[in-house]
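Student: What follows is the residue order along each chain.
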Amino acid sequence: GAVVSQHPSWVICKSGTSVKIECRSLDFQATTMFWYRQFPKQSLMLMATSNEGSKATYEQGVEKDKFLINHASLTLSTLTVTSAHPEDSSFYICSATPETGRRSSYEQYFGPGTRLTVT
Amino acid sequence: GEDVEQSLFLSVREGDSSVINCTYTDSSSTYLYWYKQEPGAGLQLLTYIFSNMDMKQDQRLTVLLNKKDKHLSLRIADTQTGDSAIYFCAESRDSSASKIIFGSGTRLSIRP
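If you read the protein sequences in the order shown, they are chains A and B.
Its first residue numbered 1, the first sequence is counted upward by one per residue in this note's numbering.
Its first residue numbered 1, the second sequence is counted upward by one per residue in this note's numbering.
This is chain A alone, in the form it adopts within the complex (with noise of 0.2 Å):
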């Protein structure tokens, strides 16, 4: 159980393009979802958190209008990269956290993230 998708895992798209990448929880209810960033060889920057039905709490320096996040149901987020350039390739990593109550609350199961590359 607690499985986290991603699609596409990799996507090339052009400068000036917009590009959606889709996180699902597969076999839970998810609350909130995070959207992570990771540069190579670097660790996990948190870029927002969403909950379900309603908007996104972007993190300092994060421009929440080249990154919007939706989070439309309890078991979808999307991250759309408006707008991309050079410098937005990146590793885009999303993770779940069940619904509060269960045991497993406090766990953030991670999907298995999107590379981006723009051309």
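Just so you know, these hints were derived from the structure itself, not from any lab.
Source: prediction; values computed, not measured.
Where a beta carbon is used, it is the ideal one built from N, C-alpha and C, also for glycine.
Mixed in with the good hints there might be a few duds.
[What the hints assert, rightly or not] Each computed DSSO-like pair below joins lysine-lysine, with the alpha-carbon atoms no more than 30 Å apart:
#1 99(B) <-> 20(A)
#2 99(B) <-> 67(B)
#3 55(A) <-> 66(A)
#4 66(A) <-> 14(A)
#5 41(A) <-> 67(B)
#6 99(B) <-> 66(A)
#7 56(B) <-> 41(A)
#8 14(A) <-> 41(A)
#9 66(A) <-> 20(A)
#10 20(A) <-> 55(A)
#11 14(A) <-> 55(A)
#12 99(B) <-> 64(A)
#13 41(A) <-> 64(A)
#14 41(A) <-> 70(B)
#15 68(B) <-> 99(B)
#16 67(B) <-> 56(B)
#17 41(A) <-> 99(B)
#18 66(A) <-> 41(A)
#19 55(A) <-> 99(B)
[Said to hold, decoys possible] Partial list, derived from the structure: chain B residues whose beta carbon lies under 8 Å from chain A:
#20 42
#21 43
#22 99
#23 104
#24 105
[Unchecked claim] Between beta-carbon pairs, the in silico distance windows are:
#25 8(B) <-> 60(A): 24 to 30 Å
#26 53(B) <-> 86(A): 41 to 47 Å
#27 109(B) <-> 59(A): 44 to 50 Å
#28 21(B) <-> 9(A): 31 to 37 Å
#29 59(B) <-> 14(A): 44 to 50 Å
Fit chain B to the known structure of chain A by using the hints.
Tutor: This is chain B only, laid out in the frame that chain A set:
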């Protein structure tokens, strides 16, 4: 402030024990985690420990927590080639794991 630090590299011989160390600065950390990341993949939660515990053992993994020194370690017994990965130490402050702070990761390599 929030800071989690780890050494960047560790090389051990196959069959030996690996010990990966981590220090953190936030004394209000409640949950401490070890995650494993294999090349090109997401993170896999290996184990976690609550701040009121000193030690946790799970098969080949032993986690030691020294809360006074804010020091966390992960020991992998009988290290195998499949253990090659990056290991992230992480901490969070509340029970809903609303924000996890990750260390920089320790790259573990296994030599024959």
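Student: Given a cut of 8 Å on the nearest C-beta pair, is the interface hint for residue 42(B) held or broken against chain A?
Tutor: 4 Å, holds
Student: For a C-alpha distance cap of 30 Å, please report whether residue 66(A) and residue 41(A) respect it.
Tutor: 24 Å, holds
Student: Holds or violated: residue 55(A) and residue 99(B), Cα atoms, limit 30 Å.
Tutor: Answer holds: residue 55(A) to residue 99(B) is near 16 Å, not above 30 Å.
Student: Within 44 to 50 Å or not, the Cβ separation of residue 109(B) and residue 59(A)?
Tutor: Between residue 109(B) and residue 59(A), where Cβ atoms are some 32 Å apart, the hint is violated.
Student: Mind checking the alpha carbons of residue 14(A) and residue 41(A) for me, to see if they're no more than 30 Å apart?
Tutor: 24 Å, holds
Student: Under the criterion that the straight-line Cα-Cα distance not exceed 30 Å, is the pair residue 41(A), residue 99(B) satisfied?
Tutor: 21 Å, holds
Student: Closer than 8 Å between Cβ atoms is the bar; does residue 99(B) clear it against chain A? Give me holds or violated.
Tutor: 6 Å, holds
Student: For residue 99(B) and residue 66(A), compute the direct alpha-carbon distance and say whether it is at most 30 Å.
Tutor: Status holds; Cα separation ~22 Å.
Student: Within 30 Å, alpha carbon to alpha carbon, are residue 14(A) and residue 55(A)?
Tutor: This hinted pair holds, its Cα atoms lying about 28 Å apart.
Student: Do the alpha carbons of residue 41(A) and residue 70(B) lie within 30 Å of each other, as the hint requires?
Tutor: 25 Å, holds
Student: Are residue 55(A) and residue 66(A) close enough, with their CA atoms no more than 30 Å apart?
Tutor: 15 Å, holds
Student: Was the hint right that residue 43(B) lines chain A, CB cutoff 8 Å?
Tutor: Where the cut-off is 8 Å and the nearest Cβ of chain A is about 4 Å from residue 43(B), the hint holds.
The structure fails hint 27 only (numbered hints given earlier).
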